[in-house]
Amino acid sequence: MEKTVNIFLFGKKYEVPENLTIMTAMEYSGYQLVRGCGCRNGFCGACATIYRIKGDRELHACLACQTKVEDGMYIATLPFFPLVKQVYDIEKIPVNEQVMMQLYPEIYACVGCSACTKACTQGLNVMQYIAYAQRGDFEACANESFDCVMCGVCSSRCPAGISHPQVAMLARRINGKYIAPDCEHLNDRVKEIKDGAFADLLADLMRKPVDELKELYNKREIEK
Amino acid sequence: MYSERFKASLEAVEKNREQNTGFEPQRMSAEQKEEILKKYHPDHREDKFATLKVGKNKDDKVPTELCDMLSAHSRIAGRSIDLDNPDYDVDVLIIGGGGAGASAAIEADNAGASVLVVTKLRMGDANTMMAEGGIQAADKPNDSPAIHFIDAYGGGHFAAKRELLSKLVCDAPDAVKWLSDLGVEFDKAPDGTMITTHGGGTSRKRMHAAKDYSGAEIMRTLRDEVYNRGITVVDFTSAIELILDENGAAAGAVLLNMETKELLVARAKTVILATGGAGRMHYQGFPTSNHYGATADGLVLGYRAGAKLLYADTLQYHPTGAAFPEQIYGALVTEKVRSLGAKLVNAKGEVFVHPLETRDVCAASIIRECGERNNGVDTGNGLGVWLDTPMIEKIGGAGTIEKRIPAMMRMFAKYGIDIRVEPILVYPTLHYQNGGLDITADCMTGVENLFAAGEVVGGIHGRNRLMGNSLLDIIVFGRSAGKNAAEKSRSVKTGKLTLDHVKKFEGELDAAGIETQLVSPKLLPDYNRKGKIL
Numbered sequence: 502m503e504k505t506v507n508i509f510l511f512g513k514k515y516e517v518p519e520n521l522t523i524m525t526a527m528e529y530s531g532y533q534l535v536r537g538c539g540c541r542n543g544f545c546g547a548c549a550t551i552y553r554i555k556g557d558r559e560l561h562a563c564l565a566c567q568t569k570v571e572d573g574m575y576i577a578t579l580p581f582f583p584l585v586k587q588v589y590d591i592e593k594i595p596v597n598e599q600v601m602m603q604l605y606p607e608i609y610a611c612v613g614c615s616a617c618t619k620a621c622t623q624g625l626n627v628m629q630y631i632a633y634a635q636r637g638d639f640e641a642c643a644n645e646s647f648d649c650v651m652c653g654v655c656s657s658r659c660p661a662g663i664s665h666p667q668v669a670m671l672a673r674r675i676n677g678k679y680i681a682p683d684c685e686h687l688n689d690r691v692k693e694i695k696d697g698a699f700a701d702l703l704a705d706l707m708r709k710p711v712d713e714l715k716e717l718y719n720k721r722e723i724e725k
Numbered sequence: 116m117y118s119e120r121f122k123a124s125l126e127a128v129e130k131n132r133e134q135n136t137g138f139e140p141q142r143m144s145a146e147q148k149e150e151i152l153k154k155y156h157p158d159h160r161e162d163k164f165a166t167l168k169v170g171k172n173k174d175d176k177v178p179t180e181l182c183d184m185l186s187a188h189s190r191i192a193g194r195s196i197d198l199d200n201p202d203y204d205v206d207v208l209i210i211g212g213g214g215a216g217a218s219a220a221i222e223a224d225n226a227g228a229s230v231l232v233v234t235k236l237r238m239g240d241a242n243t244m245m246a247e248g249g250i251q252a253a254d255k256p257n258d259s260p261a262i263h264f265i266d267a268y269g270g271g272h273f274a275a276k277r278e279l280l281s282k283l284v285c286d287a288p289d290a291v292k293w294l295s296d297l298g299v300e301f302d303k304a305p306d307g308t309m310i311t312t313h314g315g316g317t318s319r320k321r322m323h324a325a326k327d328y329s330g331a332e333i334m335r336t337l338r339d340e341v342y343n344r345g346i347t348v349v350d351f352t353s354a355i356e357l358i359l360d361e362n363g364a365a366a367g368a369v370l371l372n373m374e375t376k377e378l379l380v381a382r383a384k385t386v387i388l389a390t391g392g393a394g395r396m397h398y399q400g401f402p403t404s405n406h407y408g409a410t411a412d413g414l415v416l417g418y419r420a421g422a423k424l425l426y427a428d429t430l431q432y433h434p435t436g437a438a439f440p441e442q443i444y445g446a447l448v449t450e451k452v453r454s455l456g457a458k459l460v461n462a463k464g465e466v467f468v469h470p471l472e473t474r475d476v477c478a479a480s481i482i483r484e485c486g487e488r489n490n491g492v493d494t495g496n497g498l499g500v501w502l503d504t505p506m507i508e509k510i511g512g513a514g515t516i517e518k519r520i521p522a523m524m525r526m527f528a529k530y531g532i533d534i535r536v537e538p539i540l541v542y543p544t545l546h547y548q549n550g551g552l553d554i555t556a557d558c559m560t561g562v563e564n565l566f567a568a569g570e571v572v573g574g575i576h577g578r579n580r581l582m583g584n585s586l587l588d589i590i591v592f593g594r595s596a597g598k599n600a601a602e603k604s605r606s607v608k609t610g611k612l613t614l615d616h617v618k619k620f621e622g623e624l625d626a627a628g629i630e631t632q633l634v635s636p637k638l639l640p641d642y643n644r645k646g647k648i649l
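Protein sequence lines correspond, in order, to chains A and B. The numbering used here puts the first residue of the first sequence at 502, with every later residue one more than the last. The numbering used here puts the first residue of the second sequence at 116, with every later residue one more than the last.
No lab work stands behind these hints: they were computed from the structure. Small disclaimer: the values here were computed from a predicted structure and weren't measured. Glycine included, each C-beta is placed from N, C-alpha and C at the ideal position. There's no promise every hint is true.
Lysine-lysine pairs mimicking PhoX-like chemistry, simulated, CA-CA at most 20 Å apart [said to hold, decoys possible]:
| no. | chain 1 | residue 1 | chain 2 | residue 2 |
| --- | --- | --- | --- | --- |
| 1 | B | Lys598 | B | Lys608 |
| 2 | B | Lys303 | A | Lys678 |
| 3 | A | Lys725 | B | Lys509 |
| 4 | A | Lys725 | B | Lys255 |
| 5 | A | Lys709 | B | Lys282 |
| 6 | A | Lys695 | B | Lys282 |
The following label-pair restraints were derived from C-beta to C-beta distances [to be verified]:
| no. | chain 1 | residue 1 | chain 2 | residue 2 | range |
| --- | --- | --- | --- | --- | --- |
| 7 | A | Asp590 | B | Lys518 | 31 to 37 Å |
| 8 | B | Glu139 | A | Asn626 | 39 to 45 Å |
| 9 | B | Ser606 | A | Arg708 | 31 to 37 Å |
| 10 | B | Asn257 | A | Met602 | 41 to 47 Å |
| 11 | B | Lys463 | A | Val585 | 55 to 61 Å |
| 12 | A | Arg708 | B | Gly400 | 42 to 48 Å |
| 13 | B | Pro140 | A | Asn507 | 48 to 54 Å |
| 14 | A | Asp712 | B | Lys518 | 40 to 46 Å |
| 15 | B | Ala513 | A | Asp689 | 31 to 37 Å |
| 16 | A | Asp683 | B | Asn257 | 19 to 25 Å |
| 17 | B | Ile310 | A | Asn597 | 26 to 32 Å |
| 18 | B | Lys463 | A | Lys513 | 47 to 53 Å |
| 19 | B | Pro140 | A | Arg708 | 34 to 40 Å |
| 20 | A | Glu693 | B | Lys168 | 48 to 54 Å |
Covered stretches of chain A (chain B as the covering partner; in silico rule of three or more C-beta atoms under 8 Å from a C-beta of chain B) [stated by the list, open to error]:
| no. | region |
| --- | --- |
| 21 | 518-525 |
| 22 | 584-590 |
With the sequences and hints as input, model every part of the structure.
Rendered as structure tokens:
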């Protein structure tokens, strides 16, 4: 007989096998999920969840698909959190710290409580990347926030009302487009293709009998 | 930390690591590959396939579970729906909010069309989000679209539609540039040179990545752009039937609010199916690396409306799904782990296949190792083989894993496994739908004004897909579908809307003697305990 634990889904008690994740425990208990379930692999941020272990003061946050159940776990899912996303034109956005001031001025109201960092389901230093954003250091903000899955738990804990994942998203796009070095070989190749440099080669491949293509494939040289 | 159960095997792996790291296993010959695929690849298990009795692909074999869905009743069978007062009326309706749908939406918007995106979960809940390894593009001086073509054509067993594949490889550099210009953060050297690696079956290092969050980085950027443009996105809303007009052209869809179950009608001049794959159909009982909504909906919608399928009998089983611990059974372990130098090792500590053979060959080799050869590791929840990740740090130096595959490190660390010093256990997982809707190079299906892009399409890759060519295809064909559907919408005069094709299909089911209680599309898998839920 497999070992079981008692968990409390929205306060209601269920007995489930101890080897389940919170997500599979919900399904085991009979839930057919529509909300709060996306990639089931820790990439999409759909299954943000908060919980407290009975007898423990601390409130934890996690992704339900990535977290094993524990005995005495009181669980509430957070399938949606009203983040604020400002719209902007990536082609026209000025690359300076005023951008943050204009679009996300609330980041300057950060009180340094670190609740965002403590809550991050990815273990990121959220408060630090907000500090980088305040300074207009988009590259540092982008790097520090790169693994963000935009689940929104950080924002749910923020007394200043910051939408951290959206701030980081803006910083990453600015960094990717304007600050990261331009790629010359990519630009060159795009131009070559536009100029038709490979058109004949491809047209030739399109016409070749399959056997000739097999020969080419089986004898191709593989870069070390 | 692994338990006692794994001790002996783990010691064998560690003992041989030094030697195995330097060892270059021989690649298989064309004949050897063919033989191992025939004997061990799940696509060749004839008892797991069924013959379609209705529709455009009548008499073709497809996986049994897909056959059931393609031969099931419409969710609106026998129900009258008011098509004269649509809830939405747009130029271009895009069904699906993944990478292909988002790319299509951006390009259709660019072209001046009014666009509606419907997605059954949230925008971005898609396999795109979970693609880890990267995106191919022949943009280095030692590479060319022609070499890319040969790699992909051979890797797909010479079955790809050449005009689709040619478009894929020729538009690849521009796709990467487009993403880069949208702000996608590709891994680059300080001088701007793309950091590229091999994938299984590539002859040049053309895999571009954004750490091992490549798909997530692309998806979140596209999603942000869709929102910046103010494109209408209706989430938690699935399409459950296409609507045609009296001339047989696609003209909208019947929509279902996934939460309230309200039915809605969208009218459109052109429709793009970008519904993605089918991993959650769990063909042959395999676990899957796919997202929750990957249930082949687009194949069902398109098929019932009269579109043809191509290669619907071929699926991709990614060789390295997590086999342990049980909580992440089937989750994707990116091919990039092998690109960076980790090898597949059996229970005795022996390397048994070249780690960069194509995915189907690698998967078949693992199945053989765990089956006939009896060299698998018993995980307590099935069998697996080792993927010796510490080799990566031996080859690339300490810190390589954290820098290049942080998501993998995090996934296993949650279960107390440090992949920098301990190997991981893997087994093939259902990963990709090679086949799908048959399209022309302008992305149109056999149904007028019905376009398709992304994993729902078949024929771009042939019968097996190389790593990094699906993130590429969703961008190339997503953009193309968006442009073409917008362009086409300008000249379309939609006739009277009808669902007669649904009635007709029900008639065909009857005539074929198919008796079934099933309805389709499936929309979501059912994981709650069966039999006990009302």
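Comparing the hints with the structure gives:
no.	hint	result
1	B:Lys598 with B:Lys608	holds (18 Å)
2	B:Lys303 with A:Lys678	holds (13 Å)
3	A:Lys725 with B:Lys509	holds (18 Å)
4	A:Lys725 with B:Lys255	holds (15 Å)
5	A:Lys709 with B:Lys282	holds (17 Å)
6	A:Lys695 with B:Lys282	holds (13 Å)
7	A:Asp590 with B:Lys518: 31 to 37 Å	holds (33 Å)
8	B:Glu139 with A:Asn626: 39 to 45 Å	holds (41 Å)
9	B:Ser606 with A:Arg708: 31 to 37 Å	holds (33 Å)
10	B:Asn257 with A:Met602: 41 to 47 Å	holds (46 Å)
11	B:Lys463 with A:Val585: 55 to 61 Å	holds (56 Å)
12	A:Arg708 with B:Gly400: 42 to 48 Å	holds (43 Å)
13	B:Pro140 with A:Asn507: 48 to 54 Å	holds (50 Å)
14	A:Asp712 with B:Lys518: 40 to 46 Å	holds (44 Å)
15	B:Ala513 with A:Asp689: 31 to 37 Å	holds (35 Å)
16	A:Asp683 with B:Asn257: 19 to 25 Å	holds (21 Å)
17	B:Ile310 with A:Asn597: 26 to 32 Å	holds (28 Å)
18	B:Lys463 with A:Lys513: 47 to 53 Å	holds (49 Å)
19	B:Pro140 with A:Arg708: 34 to 40 Å	holds (36 Å)
20	A:Glu693 with B:Lys168: 48 to 54 Å	holds (50 Å)
21	518-525	holds (count 4)
22	584-590	holds (count 4)
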